[in-house]
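Starting from the given sequences, assemble the full structure and let the hints guide the process.
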Amino acid sequence: MAKISIEDVSFSYEQDKKNNFVLKDVSYSILPGDSVLLLGPNGSGKTTLLKLIMGLLKPTKGKIRIDDVDTSKASVFEISKKVSMIFQNPEKQFFAETVREELSFGLKNRGLREEEIKKKVEEVAKKFGLFEYLDKSPFDLSGGEKRRLSIASIIILDPEVLIVDEPTAGLDFQYRNLMISIIRGFLETRNKSLVVATHDIDFGLRIANKAAVINEGKLVWSGDVVSLLREEEIFSKGILAHTFTSSLISRVISQSNVDFQKVVKVLEELTEGLM
Amino acid sequence: MAMNFVKAYQFSRKETTIHALDPRVKLFVSVGVAIIGIITLDPIEIAFLTVIQIIILALSKSMKLWLRSLKALTFFILLIAVSQYLTTQSLIQAIIFSARFILITSATSWFFYTTSPEDLGRALEQMGVPSDFSLAFTLSMRFIPVIANEFQDVYDAQRVRGLNLEKGNLLERTKAFLPILIPLFVEVIRRTYEISDALELRGYGFKEKRSHWKELKLTTNDYIFLAFFLLTIAIIVLHRLCYPLV
Numbered sequence: 001m002a003k004i005s006i007e008d009v010s011f012s013y014e015q016d017k018k019n020n021f022v023l024k025d026v027s028y029s030i031l032p033g034d035s036v037l038l039l040g041p042n043g044s045g046k047t048t049l050l051k052l053i054m055g056l057l058k059p060t061k062g063k064i065r066i067d068d069v070d071t072s073k074a075s076v077f078e079i080s081k082k083v084s085m086i087f088q089n090p091e092k093q094f095f096a097e098t099v100r101e102e103l104s105f106g107l108k109n110r111g112l113r114e115e116e117i118k119k120k121v122e123e124v125a126k127k128f129g130l131f132e133y134l135d136k137s138p139f140d141l142s143g144g145e146k147r148r149l150s151i152a153s154i155i156i157l158d159p160e161v162l163i164v165d166e167p168t169a170g171l172d173f174q175y176r177n178l179m180i181s182i183i184r185g186f187l188e189t190r191n192k193s194l195v196v197a198t199h200d201i202d203f204g205l206r207i208a209n210k211a212a213v214i215n216e217g218k219l220v221w222s223g224d225v226v227s228l229l230r231e232e233e234i235f236s237k238g239i240l241a242h243t244f245t246s247s248l249i250s251r252v253i254s255q256s257n258v259d260f261q262k263v264v265k266v267l268e269e270l271t272e273g274l275m
Numbered sequence: 276m277a278m279n280f281v282k283a284y285q286f287s288r289k290e291t292t293i294h295a296l297d298p299r300v301k302l303f304v305s306v307g308v309a310i311i312g313i314i315t316l317d318p319i320e321i322a323f324l325t326v327i328q329i330i331i332l333a334l335s336k337s338m339k340l341w342l343r344s345l346k347a348l349t350f351f352i353l354l355i356a357v358s359q360y361l362t363t364q365s366l367i368q369a370i371i372f373s374a375r376f377i378l379i380t381s382a383t384s385w386f387f388y389t390t391s392p393e394d395l396g397r398a399l400e401q402m403g404v405p406s407d408f409s410l411a412f413t414l415s416m417r418f419i420p421v422i423a424n425e426f427q428d429v430y431d432a433q434r435v436r437g438l439n440l441e442k443g444n445l446l447e448r449t450k451a452f453l454p455i456l457i458p459l460f461v462e463v464i465r466r467t468y469e470i471s472d473a474l475e476l477r478g479y480g481f482k483e484k485r486s487h488w489k490e491l492k493l494t495t496n497d498y499i500f501l502a503f504f505l506l507t508i509a510i511i512v513l514h515r516l517c518y519p520l521v
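Residue numbers (this note's numbering), protein chains in the order written: chain A, 1 to 275; chain B, 276 to 521.
Don't take each hint at face value.
With a Cα cut of at most 30 angstroms, we get these calculated DSS-like pairs of lysine-lysine [stated by the list, open to error]:
(1) Lys339/B / Lys51/A
(2) Lys450/B / Lys58/A
(3) Lys442/B / Lys3/A
(4) Lys339/B / Lys119/A
(5) Lys126/A / Lys108/A
In case anyone wonders, no lab produced these hints; they're calculated from the structure.
Following this line, the structure appears as structure tokens:
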């Protein structure tokens, strides 16, 4: 499974203004099995970092390696064999006449055989509850079905590392839970990794085991999620803001030795019970 | 990729004399220069007008933008030069045709760099263009960068799914654009409905004649700018009379 090394990476969108860096000297490693939560205020450089990992942007300084491959020397097509990305509002990418075609697009680009594509498409469609819509137009689906299809069209590529940008933006409670179950399903396969950029700390706490905080283009903190909740400075400086749930979890784990995962599970069960 | 072409004509707000000129005057001069650029084949006239365009670009503090746009247009400049050379077998002709293209794009570039879509819409309206048309024109100008960003987003999303635009013959490459163009059109149409709803909700079309918070009026600087332009035309006409092209 893939390991991602970000080595002293700086990036500027304006090639002639090299002092105008969106990211400055960022170093970080994502190991197989990591589920990393990328946090930071608006405009801190989270999406830029995700696009750099995916090879959609090339670093102005420094290197990003996926195993031994330098992303600035590899094509997005090459990188996409190991890493895949779900963009914010992913349903905007639909173009095919049927759900089946939409799901098979990435596999066809990879040159898989027809029978293999058919098998995979049906398998993933069943998993995502889209089997009965396979011959329907993607544009005729409901909001939730569209979101499921857009994510399924990435998961079908079976990436080793999944990058997700703001997965809960504009989603209601039901769809947030759907995203969580999809991501958890992806992480069930041993050593798959996940990088999620989000503002939604509550969502992040339910799926991640590590966290990295970016502020004004700099990596200001990294560690495991439990340590993040104990890191008062990040919250007191206003880089991140506690929500009701995160502050509750933070209090519970700081005042007792209860396991973090257990606290999250209890809260989830409690919420479900109330619904 | 898409953004490079858009930046070649994107308005950039600055405090300069050229920015402050009446948009109608700028439109008249810019179109005038572009027409001369299309008509003339005289290298001296082209060079003279290009120098004037460069002075205007410098006065509007847009030289960097212009140079960047030339970089984005290099392919077309070379294409014109090569095709001219192949058809006429004349290097001078090839240079003249590329120089004309640069002249025309420079004249239109400084106009778009220094004139906001709103000012352009207002100018069109005061020139007698029906307000519905000028609004549609202003909105389409305003949304060009938005659509270009959208194009980049869809392009990135499809690349992640393995789309490769550099593979195959011309037909295959053209076909490969469909997964980008279809979502883009869907999004543009969706936005169009959204904008028309928003306009209607804010009372657009409620009254036949709309009032404006700022009426355009020519100032001394506008007259000076026009006078310089007319002087330029006079010099070109004089040059043409003294040295007619054979």
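Pair hint Lys339/B and Lys51/A, alpha-carbon separation not exceeding 30 angstroms: Within the cut-off at roughly 27 angstroms; holds.
Do the alpha carbons of Lys450/B and Lys58/A lie within 30 angstroms of each other, as the hint requires? Distance of about 27 angstroms is within 30 angstroms: holds.
Given hint Lys108/A paired with Lys126/A - CA-CA distance at most 30 angstroms: With Cα atoms ~20 angstroms apart, Lys126/A and Lys108/A stay inside 30 angstroms; holds.
Can the restraint linking Lys339/B and Lys119/A be considered satisfied, given a maximum Cα separation of 30 angstroms? Cα-Cα ~54 angstroms, so violated.
Satisfaction of hint between Lys3/A and Lys442/B, Cα-Cα up to 30 angstroms: Roughly 29 angstroms separates the two Cα atoms, so the pair holds.
Consistency with the previously given hints fails for number 4 only.
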